[in-house]
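Line by line, the protein sequences give chains A and B.
For the first sequence, the working numbering begins at 284 and goes up steadily by one.
For the second sequence, the working numbering begins at 2 and goes up steadily by one.
Think of the hints as simulated: they come from the structure by calculation, not from any bench.
Every residue, glycine too, gets a C-beta built ideally from N, C-alpha and C.
Please note: incorrect hints may appear among the correct ones.
Unchecked claim - Just a sample of chain B residues kept apart from chain A, beta carbon distances all over 12 Å, derived:
1) Asn65
2) His70
3) Phe100
4) Ile109
5) Pro110
Unchecked claim - Counterexamples of contact, computed for chain A against chain B with all Cβ distances above 10 Å:
6) Arg298
7) Thr303
8) Tyr318
9) Glu351
10) Pro353
11) Gln384
Claimed, not checked - If we take Cβ atoms under 8 Å as the criterion, some of the chain A residues that face chain B in the derived model are:
12) Arg314
13) Gly325
14) Phe357
15) Ala371
16) Leu374
17) Glu383
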Amino acid sequence: DTGVSQDPRHKITKRGQNVTFRCDPISEHNRLYWYRQTLGQGPEFLTYFQNEAQLEKSRLLSDRFSAERPKGSFSTLEIQRTEQGDSAMYLCASGTTTGEQYFGPGTRLTVT
Amino acid sequence: KNEVEQSPQNLTAQEGEFITINCSYSVGISALHWLQQHPGGGIVSLFMLSSGKKKHGRLIATINIQEKHSSLHITASHPRDSAVYICAGPNFGNEKLTFGTGTRLTIIP
Chain A
284 DTGVSQDPRH KITKRGQNVT FRCDPISEHN RLYWYRQTLG QGPEFLTYFQ NEAQLEKSRL
344 LSDRFSAERP KGSFSTLEIQ RTEQGDSAMY LCASGTTTGE QYFGPGTRLT VT
Chain B
2 KNEVEQSPQN LTAQEGEFIT INCSYSVGIS ALHWLQQHPG GGIVSLFMLS SGKKKHGRLI
62 ATINIQEKHS SLHITASHPR DSAVYICAGP NFGNEKLTFG TGTRLTIIP
């Protein structure tokens with residue numbers, strides 16, 4: 284257990300539905316990252332927060348995706364109008380300015 | 002060409018063998034991470050190193066900053082070491098990770 288939790292662990296949804304994932308980082312960490320991993324591939328960066336500010340978003344993050352980190356604590360990642368291509372493992376990592384990152388267990392999304 | 006490349010992509014070895022996984026990177030990074038991912042599981046950070054060598058149990062990681070190359074070694078490999086090993090480089094400043102494609106390691110009893 285790294286101290287980073289994600290909820291839910293698995294989500295099956297029908298195409299067109301909206302889904303929301305939550306990440307609870309290690310409490311004293313000010314950085315939070317979202318990554319996406321498709322089957323057989325390495326993870327890819329989606330977005331990152333320093334405290335409550337979203338400082339960078341990948342071009343992978345289409346306008347159907349939105350992420351928030353209110354109060355600089357937990358974060359949510361919402362996908363609207365899901366598509367089959369959104370099926371992936373969504374990983375959250377909690378980090379410090381020294382560069383260490385601790386990963387959560389991931390949320391596996393399946394869009395049918 | 003990926004900014005972070007690993008070799009081999011797949012590796013099968015007998016229990017007890019010495020294992021080496023290589024990582025080369027072309028991005029400017031502040032350090033290099035070695036990560037372990039079990040099937041269906043989350044990612045565990047094994048090492049973060051910016052120079053020299055680190056050791057933890059049977060795992061050893063080395064990095065050569067000038068050559069932009071890192072290696073992960075496993076001594077006295079065991080079936081429970083079977084996993085995907087991923088190297089990743091954090092960008093200067095925001096530390097977001099660029100990942101290699103991973104090496105799938107299978108240790109046969």
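Hint check results:
1. Every Cβ of chain A is farther than 12 Å from the Cβ of Asn65/B; the closest lies at roughly 19 Å, confirming the non-interface assignment.
2. Every C-beta of chain A lies more than 12 Å from that of His70/B, the closest at about 18 Å, which supports listing it as non-interface.
3. At roughly 4 Å, the least C-beta separation between Phe100/B and chain A is not larger than 12 Å, which violates its mark as non-interface.
4. Residue-level check passed: Ile109/B sits 22 Å from the nearest beta carbon of chain A, beyond 12 Å.
5. Non-interface call for Pro110/B relative to chain A: holds, since the shortest CB-CB distance, roughly 25 Å, exceeds 12 Å.
6. With a least beta-carbon separation of about 23 Å from chain B, Arg298/A lies farther than 10 Å from that chain, consistent with its non-interface assignment.
7. Taking the minimum C-beta to C-beta distance to chain B, about 19 Å, the non-interface status of Thr303/A holds against the 10 Å cut.
8. A beta-carbon of chain B comes within 10 Å of the beta-carbon of Tyr318/A; the shortest separation is about 7 Å.
9. The beta carbon of Glu351/A is kept farther than 10 Å from every beta carbon of chain B, the shortest such distance being approximately 18 Å.
10. Pro353/A, annotated as away from the interface, keeps every beta carbon of chain B farther than 10 Å; the closest lies near 20 Å.
11. Listed as outside the interface, Gln384/A is inconsistent with that label: its C-beta sits roughly 6 Å from the nearest C-beta of chain B, within the 10 Å cut-off.
12. Taking 8 Å as the C-beta contact cut-off toward chain B, the hint placing Arg314/A at the interface holds, the least distance being around 7 Å.
13. At its closest, the beta carbon of Gly325/A sits 4 Å from a beta carbon of chain B; the interface hint therefore holds under the 8 Å criterion.
14. With a least beta-carbon distance of about 17 Å to chain B, the hint placing Phe357/A at the interface is violated under the 8 Å criterion.
15. Proximity of Ala371/A to chain B is violated relative to the hint, the smallest CB-CB distance being about 13 Å (cut-off 8 Å).
16. With its C-beta approaching chain B no nearer than about 7 Å, Leu374/A sits inside the 8 Å limit, and its interface hint holds.
17. Look at Glu383/A: its Cβ gets to within about 6 Å of chain B, closer than 8 Å, so that hint holds up.
Checked against the numbered hints above, the structure violates hints 3, 8, 11, 14 and 15; every other hint is satisfied.
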